[in-house]
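Peer 1: Below are the chains, spelled out letter by letter.
2 protein chains.
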Amino acid sequence: MHTAKKAVVLVSGGLDSVTALAIAQNQGFDCYALSVDYGQRHRSELDAAQRVTDAAGVPLKVLPLDLRAIGGSALTDDIDVPESESTGIPVTYVPARNTIMLSLALAFAEVLEADDIFIGVNAVDYSGYPDCRPEFIEAYQQMARLATKAGVEGGEMTIHTPLIDLTKADIIRKGSDLGVDYSLTVSCYQADGEGRACGRCDSCRIRKEGFSAAGIPDPTRYA
Amino acid sequence: MHTAKKAVVLVSGGLDSVTALAIAQNQGFDCYALSVDYGQRHRSELDAAQRVTDAAGVPLKVLPLDLRAIGGSALTDDIDVPESESTGIPVTYVPARNTIMLSLALAFAEVLEADDIFIGVNAVDYSGYPDCRPEFIEAYQQMARLATKAGVEGGEMTIHTPLIDLTKADIIRKGSDLGVDYSLTVSCYQADGEGRACGRCDSCRIRKEGFSAAGIPDPTRYA
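Protein chains in written order, with my numbering: chain B, 4 to 226; chain A, 4 to 226.
One chain only, chain B, in its complex shape (with noise of 0.2 Å):
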């Protein structure tokens, strides 16, 4: 009997991470979903990634990890979420984030016996995000290969990145392809409780362009 590797997919309950996740269920991967409760302001992003993941039928395990006592990002703080395009990096970037979650995965993959993670970061769309460069992804392979059992063991870890060089339309028009319903994703920095996006932060305008240009109908909520 041929049985499905397996890979740690992480998700947050936006658009990008259940697009990666639809992408690595149709590599044939047997998906653990990991999300991580960083302290967001509102759970309403938890909240999607528990609907993402049973739409997908893919197990989730929610990691408490309370980053506010780090401090140093509008997402976790509180700073307010800028309303008008930023340049540089952003205030909404919240420190280390991207090697942090790779690095639960990874101890999550240790645990399963998983070669392969992934990710749904994006070098397109990413804001300055210094830790969304396909660079940065490429080091952090290099270190996890050696990081870990199966590194001394003579094992392979591959950090998936299926969606870093696809622009959102892009993303979108995959995801749509492998059935996405992205109704049930939240990416607005400030949603309600109901998980309505505001429409105006950087997240919610990069969302909106994206839908426009694929010319595929915007099913986000908006308050």
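No wet-lab data here; the hints were simulated from the structure. Some clues are possibly wrong.
Covered stretches of chain B, going by a simulated chain A footprint (3 or more residues, C-beta under 8 Å) [unchecked claim]:
| # | segment |
| --- | --- |
| 1 | 57-70 |
| 2 | 187-193 |
Selected chain B positions facing chain A (in silico; Cβ < 7 Å) [said to hold, decoys possible]:
| # | residue |
| --- | --- |
| 3 | Ile103 |
| 4 | Leu109 |
| 5 | Ala110 |
| 6 | Leu149 |
All C-beta atoms, glycine included, are put in the ideal place defined by N, C-alpha and C.
Please arrange chain A on chain B, whose structure you already have, making use of the hints.
Peer 2: Showing chain A alone in chain B's frame:
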């Protein structure tokens, strides 16, 4: 006025990390201790971290991160800690432990605008842990330099491992020279509620032999 450079020091409350802290202070760094509460079996390690940082006059931040949700180690699961000498990678290995610790330290360093992280890893008595090897630390540093704002803006990030090539006896001599009070530390994998060591686990054995080889009286409190 000269301002000391800031450094984040990972402090577990054990013999190695308190020595790394003393070395960082001796090098003139303004130290910020970080301890991760990853669901250790008992509080004695964290109590020790508080005692040693109080003694050093350094602020301690404790981040809760319950790795029991991920599992896979005798230190966080209900697997028995072995009392006879083991070979290969021991069951006390916590998956991706140093990768996770360093990633949290990296986030903290970024918030503090510190370019230096100290970790008391050791490749001599490392008992087969993949993430204590110099090649892992080197790869981690490469990744860290790309992961952060400082990496984008041309800064640096150095992972200091002052103990990596030292024997346990060397570490104890070094720390004793710097005035470290090792009676405050706990190394035992299964210390009791009072922080008294079992005297039988791998960690106790290595520590006991270290004091003996250093010719320094062992101040450890045994149960």
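Peer 1: Could you run down the list of hints and mark each one as holding or not?
Peer 2: Now the hints, each set against the structure:
1. 57-70: holds (count 6)
2. 187-193: violated (count 0)
3. Ile103: With a minimum Cβ separation of about 5 Å from chain A (threshold 7 Å), the hint on Ile103 (chain B) holds.
4. Leu109: holds, 4 Å
5. Ala110: holds, 4 Å
6. Leu149: holds, 4 Å
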